[in-house]
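Chains as they are written, first to last, in numbering that gives the first Met the number 0: chain A, 0 to 592; chain B, 0 to 592.
Where hints are given, some of them may not hold.
Just so you know, same-sequence chains aren't split out, so a pair can sit in one copy or run between any two.
As the list claims (entries may be wrong) - Simulated pairs of lysine to aspartate or glutamate, EDC-like, Cα-Cα distance not exceeding 20 Å:
no.	residue 1	residue 2
1	K82	E588
2	K510	E325
3	K492	D173
4	K540	E41
5	K330	D166
6	K6	D471
7	K69	E316
8	K492	D419
9	K380	E465
10	K7	E588
11	K82	D236
12	K7	E62
13	K540	E44
These are computed hints drawn from the structure, not numbers from a lab. Just so it is clear, the structure is predicted and the values come from calculations on it, not from any experiment.
2 protein chains.
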Amino acid sequence: MPSFYSKKDLFFQLFENQNCLELTQLPYFSDHSKETFTLVLEAAEQIAEKSLYPIFREMDRQEPQLVDGKIRIHPAMGTIIRKFGEDGWINAIFPYEEGGQQLPWVIHLAAGFIFQASNYSASVFPFLTTGAANLIRTFGSKELKEKFTPKMFAGKWQGTMALTEPDAGSSLSDLTTTATPASISGVYRIKGQKIYISAGDHDACENIIHLMLARIEGAPSGTKGISLFVVPKIRLDGAPNDVLTQGIYHKMGYKGAPIAHLMMGSQEECEGYLVGEAHQGLKYMFQMMNEARLGVGMNAVAIATAAFQASLAYAKERPQGRKISEKDLSKPQVPIIEHSDVKRMLLFQKSVTEGALALLIYCGILSDKIAQETSAAKKLKMEALLDLLTPIAKSYPSEMGVKSTSMAVQVLGGAGYTTDFPVEQYFRESRIHPIHEGTTGIHGLDLLGRKVWLQEGLGWKTLQQEIQHSLDQVKSIQELNDLGHSFEEIFLKFNHSAGELLFKRNLGPEKFLADATLFLEASGILCVGWMWIKQAISAQKAISSGALEQSFYLGKIETARYFMEYELVKILGLIPRFHAASYPTVTMEKDWF
Amino acid sequence: MPSFYSKKDLFFQLFENQNCLELTQLPYFSDHSKETFTLVLEAAEQIAEKSLYPIFREMDRQEPQLVDGKIRIHPAMGTIIRKFGEDGWINAIFPYEEGGQQLPWVIHLAAGFIFQASNYSASVFPFLTTGAANLIRTFGSKELKEKFTPKMFAGKWQGTMALTEPDAGSSLSDLTTTATPASISGVYRIKGQKIYISAGDHDACENIIHLMLARIEGAPSGTKGISLFVVPKIRLDGAPNDVLTQGIYHKMGYKGAPIAHLMMGSQEECEGYLVGEAHQGLKYMFQMMNEARLGVGMNAVAIATAAFQASLAYAKERPQGRKISEKDLSKPQVPIIEHSDVKRMLLFQKSVTEGALALLIYCGILSDKIAQETSAAKKLKMEALLDLLTPIAKSYPSEMGVKSTSMAVQVLGGAGYTTDFPVEQYFRESRIHPIHEGTTGIHGLDLLGRKVWLQEGLGWKTLQQEIQHSLDQVKSIQELNDLGHSFEEIFLKFNHSAGELLFKRNLGPEKFLADATLFLEASGILCVGWMWIKQAISAQKAISSGALEQSFYLGKIETARYFMEYELVKILGLIPRFHAASYPTVTMEKDWF
């Protein structure tokens with residue numbers, strides 16, 4: 000079986016580069032150890048290899064179809080989803096008393112990475128159920144919890160997140176789905192439409208449980224009048240709940256996971272059950288959103304990792320041409336990995352995927368620490384940092400995932416464009432991530448317009464300190480002198496320019512935020528550069544201490560060098576905008592196009 | 000019908016920004032005028048609108064299939080190809096005495112742009128036949144010409160270019176298809192395999208005429224031993240020619256055009272007819288290659304243009320959110336084109352596609368002038384410039400086409416990812432261009448390793464002079480002062496760094512060429528920046544002379560400004576490599592990945 004991820008690298012990230020075992024020092028995680036984490040990850044690998052990867056291509060070719068009002072998906076998915084339930088994957092992160100394993104979220108994220116790399120479409124189903132169940136258990140009543148979560152945890156019922164409507168995509172404040180109180184307390188009649196609902200209907204589970212945003216009659220307008228409901232496809236008494244599957248979207252990639260158009264209440268018979276308090280729906284959603292967004296970042300990294308592995312394997316085997324200095328045509332052709340430009344394309348992928356993976360694991364550990372932190376001051380600081388990093392850790396992998404999978408296609412050349420190889424599928428699948436869970440543009444606004452300013456810039460300042468700390472470290476290691484120097488130069492320039500940009504807030508939101516996406520892009524490159532500094536330090540430590548597998552560590556350092564010299568410098572092409580005095584994206588008029 | 004290109008812009012490019020009517024001063028083109036050119040382009044638009052665009056989605060969904068050894072394509076293609084023949088499109092650029100219309104190649108290229116923007120798959124068939132017929136008429140004997148070209152011109156026979164083999168893709172010197180002299184002079188027995196042959200077999204034409212590279216027995220090794228043959232699928236006497244369609248490739252995009260795997264001589268009965276002299280095949284091919292490469296650049300621009308138009312139309316109509324400074328939610332949502340970040344994504348597409356179109360038209364006019372130039376010295380200089388620009392004009396549109404169509408998807412958000420809109424198809428189709436007709440990596444080597452140095456740098460120096468000329472012009476126009484200043488700053492930095500890079504030739508080819516692709520990328524951005532300077536000058540002239548449609552010209556200038564401030568500056572992120580002292584893509588070892 001071709002490898003779709005690097006176990007060596009994942010373990011390096013978790014246990015060497017960032018010490019996730021620190022978490023086991025915390026009382027909540029104290030039953031865990033390197034052994035339990037390893038067992039979890041190896042179990043994930045087994046499922047991925049035995050059940051998910053083998054149907055990865057098939058699920059793309061046999062798209063879900065809407066037949067007689069029901070969506071049919073790949074026949075293997077029923078068994079797979081149940082297996083996820085039975086083996087405890089869906090509720091692994093929840094407390095013992097809820098049947099969970101108190102697994103750190105970062106390990107869950109790492110296991111998800113393995114699933115996603117092997118078959119992104121298949122990985123979507125349990126991921127969604129975990130998210131939906133988490134909303135119920137965190138904010139719902141005891142009754143809701145008892146009625147819904149056990150079957151969701153068991154993989155018998157599918158969970159979904161139902162936010163988007165035909166006229167309210169990025170603009171959630173314009174939601175129009177309504178909820179009218181019924182005679183029973185907490186029960187509402189739901190009426191409206193939802194579009195692009197992932198796993199919104201399918202035949203692999205007995206029921207579909209939508210966590211749906213709607214507006215209770217008379218609620219304030221805007222985001223403050225939105226409430227959260229549990230809306231099952233089939234009611235607990237077994238009767239259908241007037242949730243119609245109006246349509247299925249056919250899409251460019253991850254075709255195995257169906258996306259539905261739902262219509263609620265066309266017979267005025269759709270029941271929904273309020274989660275928590277009225278009008279708090281969006282707040283609840285957003286408390287889960289950080290993790291969902293990091294999850295999307297991880298999806299993007301996983302797909303790009305699989306594409307990298309596929310192109311790496313091809314490059315090692317495919318003979319074509321000779322070294323550029325070799326003029327003797329009687330010599331055999333060499334594998335294309337011998338060509339510098341092919342190595343450049345592989346280094347690009349390696350640096351982007353492993354750097355982004357490092358960032359997501361950093362955020363994952365931070366998230367676990369925050370949940371257990373007892374000092375309010377420390378917690379505030381860590382939360383500020385995670386809030387700040389979230390749009391970056393969602394967007395960098397998503398945007399670069401498209402470029403990285405594109406590079407994988409390029410390594411294979413004509414072969415990569417055909418369906419004989421999986422890279423074209425990875426390329427198509429990766430394209431969703433800059434769109435869902437907030438487009439890149441939305442995250443740019445979130446970062447520059449909101450996150451940077453929260454708590455008087457606490458998150459931003461904390462990030463600067465953390466980066467400076469790594470920089471001080473690397474500068475003390477002689478072998479990595481050049482890396483530290485390269486990084487510092489760009490870090491200083493970035494900071495200087497970012498400072499200029501922040502002053503532009505005085506110009507009003509239109510101009511100030513005009514280049515928010517570029518600021519997000521530059522911040523992403525910087526953070527991943529920082530992650531490569533961290534990785535180089537860890538690798539140099541291993542080399543100096545005489546670790547086995549020197550080649551792995553040498554590769555890490557060389558890739559860090561690649562990142563500094565080819566990717567980090569791209570910040571230089573973005574920061575001129577931070578100083579700019581003209582605003583073509585503001586002043587361009589729509590009739591001028 | 001949605002618009003898939005801007006007629007206004009195409010006419011601006013041809014008649015205002017670059018004066019293609021200069022060509023009509025030359026004796027060979029003297030029968031032509033703005034009227035004849037306009038007629039040609041409007042006829043192209045009619046075919047595109049009536050026949051090509053309507054089946055653009057369908058051809059993607061009903062892929063060609065290999066049935067009983069024959070490839071079946073969309074049933075409408077037979078009529079369409081014949082119409083291309085009957086209306087004189089296939090041989091339009093050839094001389095009157097060969098039945099052509101002596102149409103300038105640039106007008107043919109512009110008409111192709113319209114066809115390709117409406118339906119790339121459909122446009123491939125006549126484009127290939129023109130190229131193949133051109134090889135026969137330029138290098139073939141009178142007999143070959145008489146026997147093959149008339150039916151090709153008529154659209155009855157399909158032409159192909161058969162180069163690639165399973166073990167020889169980018170490395171043409173490793174071709175192994177053999178040609179053994181038969182008893183009749185000029186006739187050879189061909190044996191071997193060819194892969195990825197576009198339109199290599201289909202049922203819409205009576206015959207398929209392959210222009211095939213093969214090695215005559217005893218020929219020298221390498222590229223100097225390659226000869227060119229005409230290999231028909233069916234011989235002139237109506238007997239099959241032992242060319243088997245061994246397979247069809249299914250691919251990510253432009254699915255309507257079949258790509259075949261061919262096997263010649265499995266029964267030892269495949270006849271081929273030598274074109275021109277033995278061992279000159281690659282030279283012949285390469286004499287046609289410039290135009291083929293510019294053609295691929297144009298394909299990429301055309302697809303990205305159609306995607307831009309689709310996303311522009313969507314952005315003007317789709318209401319979502321409010322202006323960022325508008326806090327009143329009772330106000331209606333605004334079309335997304337009102338958002339600066341959406342305008343940024345549209346400006347990106349507009350600047351890339353219109354800038355690349357300008358570059359290709361520049362090259363097209365240059366090519367027509369070269370063919371008619373009588374002064375050897377002038378010709379040499381123009382040829383050097385075109386040779387230098389060719390890898391750039393192929394690669395910039397190809398690489399940026401992928402990014403530009405990706406941006407079109409992003410403008411539509413979730414909708415763009417579904418098959419309800421055409422942008423996902425454009426995204427998939429555009430991905431082929433960095434691969435075929437020489438990968439981007441190959442063109443980087445061609446530019447930095449070869450083209451820059453030819454004739455003691457004549458092409459390179461000529462380019463510098465031409466750019467300097469435009470720069471002097473723009474600096475004399477007060478309204479465009481800021482543009483001239485922005486461009487000059489980067490132009491000087493690029494030149495300085497490029498100078499440093501050229502000195503690295505002393506380090507040997509491995510290191511010197513390690514960053515050839517980055518040099519190509521930076522050169523592409525520079526040349527397209529130059530094209531925007533030219534367009535801004537033309538637009539300002541029109542405004543100053545009180546032209547109608549001011550908004551079109553204002554849009555041109557604002558887009559030029561966008562390009563300088565957002566795209567041209569990306570050169571700053573590339574040139575640090577030109578000075579670099581370490582070479583991670585050279586020193587990275589394959590076991591380190």
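A quick look at each hint next to the structure:
1. Proximity of K82 and E588 under a CA criterion of 20 Å is satisfied in neither setting, with 55 Å inside one chain copy and 41 Å between copies.
2. Taking the shortest alpha-carbon separations for K510 and E325, only the inter-copy value of 14 Å comes in at or below 20 Å, while the best intra-copy value is 55 Å.
3. In the homo-oligomer, the alpha carbons of K492 and D173 never lie at most 20 Å apart, since the shortest distance is 40 Å inside one protomer and 48 Å across protomers.
4. Proximity of K540 to E41 under the C-alpha cut-off of 20 Å is found in neither arrangement, the shortest distances being 26 Å within a copy and 68 Å between copies.
5. Within a single copy, K330 and D166 get their C-alpha atoms only as close as 63 Å, which misses the 20 Å cut-off; across copies the closest is 14 Å, which meets it.
6. In this homomeric assembly, K6 and D471 never come within 20 Å of each other (Cα to Cα): the closest approach is 30 Å inside a single copy and 58 Å across copies.
7. In this assembly of identical chains, the alpha carbons of K69 and E316 never lie at most 20 Å apart, being 45 Å within a copy and 32 Å across copies at closest.
8. Taking the shortest Cα distances, K492 and D419 never come within 20 Å of each other, neither inside one copy (45 Å) nor across copies (44 Å).
9. Within a single copy, K380 and E465 get their C-alpha atoms as close as 12 Å, which meets the 20 Å cut-off; across copies the closest is 56 Å, which misses it.
10. For the homomeric pair K7 and E588, the shortest alpha-carbon distance between copies (18 Å) is at most 20 Å, but the shortest distance inside one copy (52 Å) is not.
11. Taking the shortest Cα distances, K82 and D236 never come within 20 Å of each other, neither inside one copy (26 Å) nor across copies (65 Å).
12. Proximity of K7 to E62 under the C-alpha cut-off of 20 Å is found in neither arrangement, the shortest distances being 34 Å within a copy and 41 Å between copies.
13. Taking CA atoms no more than 20 Å apart as the test, K540 paired with E44 passes in neither setting, with 28 Å inside one copy and 65 Å between copies.
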